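Chemist: Listed in order, the protein sequences are those of chains A and B.
Quick note: the first sequence uses the numbering used here, first residue 578, plus one each step.
Quick note: the second sequence uses the numbering used here, first residue 578, plus one each step.
Among the clues, some could well be false.
Just so you know, same-sequence chains aren't split out, so a pair can sit in one copy or run between any two.
[Unchecked claim] Subject to a maximum C-alpha distance of 25 angstroms in a straight line, what follows is the list of computed PhoX-like cross-link-like pairs (lysine-lysine):
| hint | residue 1 | residue 2 |
| --- | --- | --- |
| 1 | Lys633 | Lys617 |
| 2 | Lys633 | Lys596 |
| 3 | Lys622 | Lys596 |
| 4 | Lys628 | Lys596 |
| 5 | Lys617 | Lys596 |
| 6 | Lys579 | Lys596 |
| 7 | Lys609 | Lys633 |
| 8 | Lys622 | Lys609 |
Hints were generated in silico from the structure; no laboratory data involved.
Treat the numbers as computed from the prediction; the structure is a model and nothing was measured.
Protein chains: 2
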Amino acid sequence: MKAIINVYLKNGVLDPQGKATHHALDSMNFSKVEDVRIGKQIIMKLSNRDKEEAYKEVEKMCEELLANTVIEDYTIEIV
Amino acid sequence: MKAIINVYLKNGVLDPQGKATHHALDSMNFSKVEDVRIGKQIIMKLSNRDKEEAYKEVEKMCEELLANTVIEDYTIEIV
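Put together the whole structure using the sequences plus the hints.
Modeler: See the structure below:
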């Protein structure tokens, strides 16, 4: 079983990495870019058999380690 | 128009960030994790009107700036 976790900064939280990338793209004449936000994608192989159990476990991992829930949100997809 | 770009290390390329995360999860008793790989997710707002044109432009951005194609692959989704 595989979990795909996206961790991204909450709306309103400044994203310096995204800003820098936007700026770099601008200076390379990619003028149609309006906004850039950069997050993490974590891909995890799991030995769980049960989808719901896997989801709950991954959610716990996100809360405890993978995301800083003060400034970050996350989405979990189990495939 | 929005572009969702995932940049991840090619298979076989060592992922120290993923390894460290795996190790940390292990020590927190998440024993069902078999492998962790960490990549970047870039979310971009574009003023393009044409989907195909947007895709081509984002592809160029990936090749020139966003991904290190020696060690990284990427996927592009235009929504």
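Chemist: Next, verify each hint and record whether it holds.
Modeler: How the hints compare with the structure:
With identical chains, the CA atoms of lysine 633 and lysine 617 are at most 25 angstroms apart both within one copy (20 angstroms) and between copies (23 angstroms). Within a single copy, lysine 633 and lysine 596 get their C-alpha atoms only as close as 34 angstroms, which misses the 25 angstroms cut-off; across copies the closest is 22 angstroms, which meets it. In the homo-oligomer, the alpha carbons of lysine 622 and lysine 596 lie at most 25 angstroms apart only across protomers (13 angstroms), although the nearest pairing inside one protomer, at 32 angstroms, exceeds that limit. Taking the shortest Cα distances, lysine 628 and lysine 596 sit within 25 angstroms of each other only across copies (24 angstroms), while inside one copy they are farther apart (37 angstroms).
For the identical chains of this complex, lysine 617 and lysine 596 are neighbours both inside a copy (16 angstroms) and across copies (15 angstroms), given an alpha-carbon limit of 25 angstroms. In this assembly of identical chains, lysine 579 and lysine 596 lie within 25 angstroms of each other by CA distance solely across copies; the values are 16 angstroms between and 31 angstroms within a copy. For the identical chains of this complex, lysine 609 and lysine 633 are inter-copy neighbours only, at 12 angstroms across copies versus 40 angstroms inside a copy, given an alpha-carbon limit of 25 angstroms. Within a single copy, lysine 622 and lysine 609 get their C-alpha atoms only as close as 37 angstroms, which misses the 25 angstroms cut-off; across copies the closest is 9 angstroms, which meets it.
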